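Novice: For reference, the chains in residue letters:
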Amino acid sequence: GAVVSQHPSWVICKSGTSVKIECRSLDFQATTMFWYRQFPKQSLMLMATSNEGSKATYEQGVEKDKFLINHASLTLSTLTVTSAHPEDSSFYICSASSGRRAGELFFGEGSRLTVL
Amino acid sequence: AQSVSQHNHHVILSEAASLELGCNYSYGGTVNLFWYVQYPGQHLQLLLKYFSGDPLVKGIKGFEAEFIKSKFSFNLRKPSVQWSDTAEYFCAVNSTSGTYKYIFGTGTRLKVLA
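Going down the list, the sequences are from chains A and B.
Its first residue numbered 67, the first sequence is counted upward by one per residue in the numbering used here.
Its first residue numbered 1230, the second sequence is counted upward by one per residue in the numbering used here.
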């Protein structure tokens, strides 16, 4: 199957700093990637749709300036949490479609962010 | 509003017991339906999916799910669970209009006792 990789898996940062999370499609090109946030014991919440070469589409209630998304190439999307605060601590997961299996998304391993 | 409901948040079973996890959705229009599994420490993996055709779908590892349109349901079943099925299971839907935007249920945490 198609592989999606995220880096870093774990990150701890101080309040007020910015953190970048990378999402890569390793063996396929992805024009669209999706960023989810998963709270403990809750479902995955779609944050934004990342489109290669254009601006991301954010879901209602997600701050664009807080969660910067860049999809500079067909294999890489990045999520930058700016001026992080403890309430931003969460599990962030990216996903992408390979286009080879219609409708199926492939998920990264997730990145756990802890803001002190 | 679009939503997916999974009624069982935690399920504990003994090995060889039968499993059924409920999933109901509310979504305007025609949908694709999915079950994903997340094993401890691993990423989400597709168990099975329904796009059209036979409403009884078979997936990997002996899992199956039945789409009942009149009930807006897509319940996951397995006749005999194994300890290795311990994981979290997510039901998801997306529109057939071409977008890959998924709506996920809250997940069901399954623990199988050896």
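Don't read these hints as lab results, they were simulated from the structure.
Treat the hints loosely; a few may be bogus.
To be verified - As a list, the in silico DSS-like pairs of lysine-lysine whose alpha-carbon atoms are at most 27 angstroms apart:
| hint | chain 1 | residue 1 | chain 2 | residue 2 |
| --- | --- | --- | --- | --- |
| 1 | B | K1330 | A | K107 |
| 2 | A | K121 | B | K1290 |
| 3 | A | K132 | B | K1330 |
| 4 | A | K86 | B | K1340 |
| 5 | B | K1300 | B | K1290 |
| 6 | A | K107 | B | K1340 |
| 7 | B | K1287 | B | K1340 |
| 8 | A | K130 | B | K1330 |
| 9 | A | K107 | B | K1290 |
As the list claims (entries may be wrong) - Partial pick of chain B residues on the chain A-facing surface, computed with a CB cut under 8 angstroms:
| hint | residue |
| --- | --- |
| 10 | T1259 |
| 11 | H1272 |
| 12 | F1333 |
| 13 | G1334 |
| 14 | G1336 |
Keep in mind it's a predicted model, so treat the numbers as computed, not measured.
Note that CB positions come from ideal geometry on N, CA and C, so glycine has one too.
Novice: Each hint needs a verdict: does it hold in this structure or not?
Specialist: Each hint, compared with the structure:
1. Of the pairs offered as hints, the one joining K1330/B and K107/A holds, with about 21 angstroms between alpha carbons and a cut-off of 27 angstroms not exceeded.
2. A hinted pair counts as satisfied when its Cα atoms are at most 27 angstroms apart, and K121/A with K1290/B does not qualify at roughly 39 angstroms.
3. With a C-alpha separation of about 21 angstroms, the suggested pair K132/A and K1330/B falls inside the 27 angstroms cut-off, and the hint holds.
4. Between K86/A and K1340/B the CA atoms are separated by roughly 34 angstroms; this puts the pair beyond 27 angstroms, and the hint is violated.
5. For the suggested pair K1300/B and K1290/B, the alpha carbons sit about 26 angstroms apart, so the restraint of at most 27 angstroms is met.
6. This hinted pair checks out: K107/A and K1340/B have alpha carbons roughly 15 angstroms apart, not beyond 27 angstroms.
7. Of the pairs offered as hints, the one joining K1287/B and K1340/B holds, with about 22 angstroms between alpha carbons and a cut-off of 27 angstroms not exceeded.
8. For the suggested pair K130/A and K1330/B, the alpha carbons sit about 18 angstroms apart, so the restraint of at most 27 angstroms is met.
9. Only pairs whose Cα atoms come within 27 angstroms are accepted, and K107/A paired with K1290/B is accepted, the gap being roughly 25 angstroms.
10. About 12 angstroms separates the beta-carbon of T1259/B from the nearest beta-carbon of chain A, more than 8 angstroms, and the hint is not met.
11. A cut of 8 angstroms between beta carbons decides the hint on H1272/B: the least distance to chain A is about 4 angstroms, and the hint holds.
12. Below 8 angstroms, beta-carbon pairs count as interface contacts, and F1333/B has one with chain A at about 4 angstroms; its hint therefore holds.
13. The criterion of a C-beta within 8 angstroms of any C-beta in chain A is met by G1334/B, whose closest approach is roughly 6 angstroms, and the hint holds.
14. Annotation: interface hint on G1336/B holds; nearest CB of chain A at approximately 6 angstroms, less than 8 angstroms.
Hints 2, 4, 10, counting from the list given before, are not met by this structure.
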